[in-house]
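*Asks:* Produce the complete structure using the sequences and hints provided.
Residue numbers (this note's numbering), protein chains in the order written: chain L, 1 to 104; chain G, 1 to 254.
Label-pair distances were calculated between CB atoms; the ranges are:
#1 Pro27/G / Ile66/L: 46 to 56 Å
#2 Trp56/L / Lys178/G: 57 to 67 Å
#3 Thr138/G / Val21/L: 44 to 54 Å
#4 Leu74/L / Thr127/G: 41 to 51 Å
#5 Thr73/L / Lys178/G: 44 to 54 Å
#6 Phe139/G / Thr73/L: 43 to 53 Å
Derived by calculation from the structure, the hints in this document are not laboratory data.
Ideal Cβ placement from N, Cα and C applies to all residues, glycine included.
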Amino acid sequence: MRKLFIVLAVIFAILGIVFAVLPLGTLALLPIGLGFIFGFIALIKSDINQKNIPKWILIVSGLTLIVVIGKQTLIKDEVAKDVQFEQKKIESKKEDMKDLEGLE
Amino acid sequence: MRKLLFILTILLAINAAFAQENKAVKPGEKFIYAASYNMSGLMTQLAQVTMETETVKTSKNTLLHLSCQATTFSKWDTFFKIRDIYESYVNPITLKPSLYKRDIFEGSYFKKEKYIFKNGGSTIESTMNKKHTETKKTFSVGGTTQDVVSILYKLRTVDFNTFKPGQIKSFVVVFDEKEMAVSAKFMGKETVSAGNLGKKECYKISIGAKTKALKGTDKNIIWLTADAAKVPALIKFSIPVGTGQLTLSNASGL
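*Replies:* Here you go:
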């Protein structure tokens, strides 16, 4: 049973890292939370000399959590300046004017 | 007495006829929204939606240019880039459309659509550009038919103050070269956060349409500020691929 919880905790900890790297925002909290839960259960179920792996899983999950919260609070959601898109809009407007003049 | 009643009736009729005239939508408006999508129960911010209005002058006419633009936040651009523009050129008083354009760029998918409203809006000349193939079509619509952009603004001209909860206002919209009935059901008033405008009392309007693009009953809701400007403060939508919302972050030019 302890091994199963360790495996689950490792899987969710890795998923947490992947989600934290991707721009999924608070969605990363889901695998991190599950990683914490399974890691904690594995820690309780481990003997004193077997607590090393669950401890590391909890540390990694904790660090990932800090990264996610940091990204959410420090990095602002911004729209990149898209020169190509702006140019396309200008050209489109010129075309619109031709259509509108043709309507009258 | 009869004369007085006659005059009153005439005045009421004139008032009713002009009730739909635009007093809410002004040129120079700019509303910025954060668009979030529901991923596993958590709202994830994906894109910025900008709604703008500006006056456009042709050699004989003055029109109002309405545009809605969706742009993914830069962090998403590498994974899934969205650059969508929905535009409409309308009469500034009646908000009747003359030209409607839709330019979609989502990842590797793109589509362009243009409707030119002719014969007082009863005929549409449509040009569709999809997968590098251009198709043209001319079809008839009702004289009061709106496009999907102008209908959003038209909704702001409705006097919801006179509405009772459950009361419905109907519109006809043309989308994907098909006309469809759209209903706006007044659901009462609610106070919601409206970005830089602070907390605002709003009209809660449920949008219904017989289309596959919208899902569920009373799941597509717009909160319009209960004032003269009727700014869309919050928009919740339910589409076949999931649910999401548009939260107003900044409103200017009111």
